[in-house]
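Visitor: Listed below are the residues making up each chain.
2 protein chains.
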Amino acid sequence: MDNVKSIGFIGLGVMGKSMAKNLMKKGFSVNAYTRTKSKAEDLIEEGCTWCESATEAAEKADVIITMLGFPSEVKEIYFGEEGLLNNAREGSILIDMSTSSPTLAKEIAEAADKHQMTALDAPVSGGDIGAREARLTIMVGGNEEAYNKALPVFQAMGTNVVLQGGPGMGQYTKMVNQIAIATNMIGVSEAISYADKAGLNPNLVLKSIGGGAAGSWSLSNLAPRMIAGDYEPGFYIKHFVKDMTIALESAEELGLDTPGLKLAKGMYEELVTRGFEDAGTQALIKLYVDQA
Amino acid sequence: MDNVKSIGFIGLGVMGKSMAKNLMKKGFSVNAYTRTKSKAEDLIEEGCTWCESATEAAEKADVIITMLGFPSEVKEIYFGEEGLLNNAREGSILIDMSTSSPTLAKEIAEAADKHQMTALDAPVSGGDIGAREARLTIMVGGNEEAYNKALPVFQAMGTNVVLQGGPGMGQYTKMVNQIAIATNMIGVSEAISYADKAGLNPNLVLKSIGGGAAGSWSLSNLAPRMIAGDYEPGFYIKHFVKDMTIALESAEELGLDTPGLKLAKGMYEELVTRGFEDAGTQALIKLYVDQA
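Just so you know, the protein sequences line up as chains A and B, in that order. Residues in the first sequence are numbered from 12 upward in steps of one, following this note's numbering. Residues in the second sequence are numbered from 12 upward in steps of one, following this note's numbering.
Note that these hints are calculated values from the structure, not bench results. Warning: the hint list may mix true and false statements.
Just so you know, same-sequence chains aren't split out, so a pair can sit in one copy or run between any two.
[Said to hold, decoys possible] Below, in silico cross-link-like pairs of lysine-lysine (DSSO-like), each with a Cα-Cα straight-line distance of 30 Å or less:
1. Lys125 / Lys208
2. Lys297 / Lys273
3. Lys218 / Lys117
4. Lys276 / Lys37
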């Protein structure tokens with residue numbers, strides 16, 4: 012295969028759309044499909060080729076990127092009758108950039124081999140701002156040769172691109188990321204609610220503790236929102252619960268007991284029960300504020 | 012009271028000794044007492060005045076600093092018959108820089124008032140390196156006038172000095188710090204042990220996740236030691252358990268349920284049971300590594 016020129020892009024949510032735009036900016040031709048065509052309108056205006064199905068997007072492309080919500084959707088778009096494995100060209104590189112199950116990523120890679128394709132798993136972090144500014148972290152698993160071919164594609168969307176190992180290793184790395192975040196969110200919430208109960212000025216407390224051993228991205232970026240009562244989503248609780256569900260299943264498959272992750276998942280599920288699924292993850296503080 | 016010239020310093024452990032040295036460097040005369048005189052030998056060589064008791068150290072000083080291990084020791088040194096409240100000069104400023112109970116700090120401040128003294132609580136973070144390099148964070152609670160008088164003393168030992176409020180507020184702030192650390196240590200340990208179980212190279216994973224939303228001081232500084240199997244103490248598990256015990260009691264007094272802190276405290280107590288009390292806090296990873 013020569014240099015990648017044509018990309019199929021499936022899934023144009025907040026993240027996917029920004030990523031597709033950045034690919035177009037770098038000169039890739041983008042064949043886009045998403046379930047709700049209206050979501051693609053501005054992308055079509057900017058010159059992408061609209062496709063009526065995932066199959067059509069796949070047929071025209073050297074590299075096919077999927078950016079979907081749930082593992083069940085990933086499974087359908089790869090393994091379904093109308094799916095990529097049955098319809099993409101031989102030699103295609105299929106890249107799932109959704110946050111999805113490591114085990115499913117391995118299954119896709121295996122199936123792709125049988126269809127003379129190559130699959131990479133390449134979930135991202137950096138949020139909507141990282142996607143817009145082409146500053147995503149991209150954690151890649153899969154075949155090294157395919158990774159090298161796809162590297163200019165990744166570099167059009169992100170700044171920190173690392174091949175973490177073979178199939179599934181990108182998804183495993185993303186799970187490591189989510190596991191580290193999950194329990195720390197509890198610590199940040201307990202710290203801020205304790206400060207509040209003690210009669211401290213929590214913002215002044217951050218001046219004392221933010222730069223030291225208690226410091227974290229969440230403490231710097233989300234604690235001020237907790238203090239301000241600002242629950243606008245940077246990262247949705249419903250998506251975090253999905254990720255923690257995958258992470259916990261995966262940890263169990265690996266024979267690892269993770270009490271912190273279990274606690275965090277249970278607390279966030281409680282927030283969903285209370286109607287906070289569309290709030291940002293910093294709304295965890297609600298469970299503490301509303302204890303009294 | 013004029014400018015502070017003479018300081019009584021009680022408690023010359025790893026932290027206390029470095030702090031006393033920095034006070035001497037800045038021209039304060041230091042009257043030192045600690046239970047084991049041999050610990051003070053190099054300080055005596057450098058020109059501190061050795062005192063045979065806490066009382067003697069207190070009698071000569073404008074400001075008396077205590078840097079002790081446990082709240083029980085703090086209680087004895089302040090309230091005991093030979094203690095500071097019964098023996099320091101009227102007008103003295105008593106500063107407890109130990110990490111201790113916020114409630115005890117309030118009791119000391121109240122008792123000091125009755126003795127025509129002023130007490131400040133001023134615990135620190137920054138560890139042995141921060142103490143040595145006079146770069147401690149100092150979280151102060153108490154009377155503002157006394158704080159202002161003592162400020163040159165604090166500035167001889169630390170760079171981030173903040174008056175957090177009235178009596179006890181320094182200790183409350185330190186507890187906020189420890190609470191934030193406690194649960195994050197679980198997240199870091201679970202992240203690293205999951206990475207390891209998944210067959211990832213954990214150091215390479217840190218390259219992907221260290222600078223983003225999963226990032227924290229503990230992930231940057233302690234995860235590499237976990238990965239290397241290096242359990243040398245930066246901060247002793249036995250001291251962390253002491254701090255979490257104070258924090259949990261304090262949270263309960265405030266009517267706040269802190270499941271993350273409870274989980275962390277239980278896990279660290281399990282490590283003590285397994286003989287790791289003198290290891291660094293990063294040894295929490297042992298509970299995960301040794302699951303199999």
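Visitor: With reference to the structure, classify each hint as holding or not holding.
Guide: Structure-based check of each hint:
1. Lys125 / Lys208: between (60 Å within a copy, 28 Å between copies)
2. Lys297 / Lys273: Both: 19 Å inside a copy, 19 Å across copies.
3. Lys218 / Lys117: between (45 Å within a copy, 23 Å between copies)
4. Lys276 / Lys37: Neither: 39 Å inside a copy, 51 Å across copies.
In the structure shown, a violation is registered for the earlier hint numbered 4 alone.
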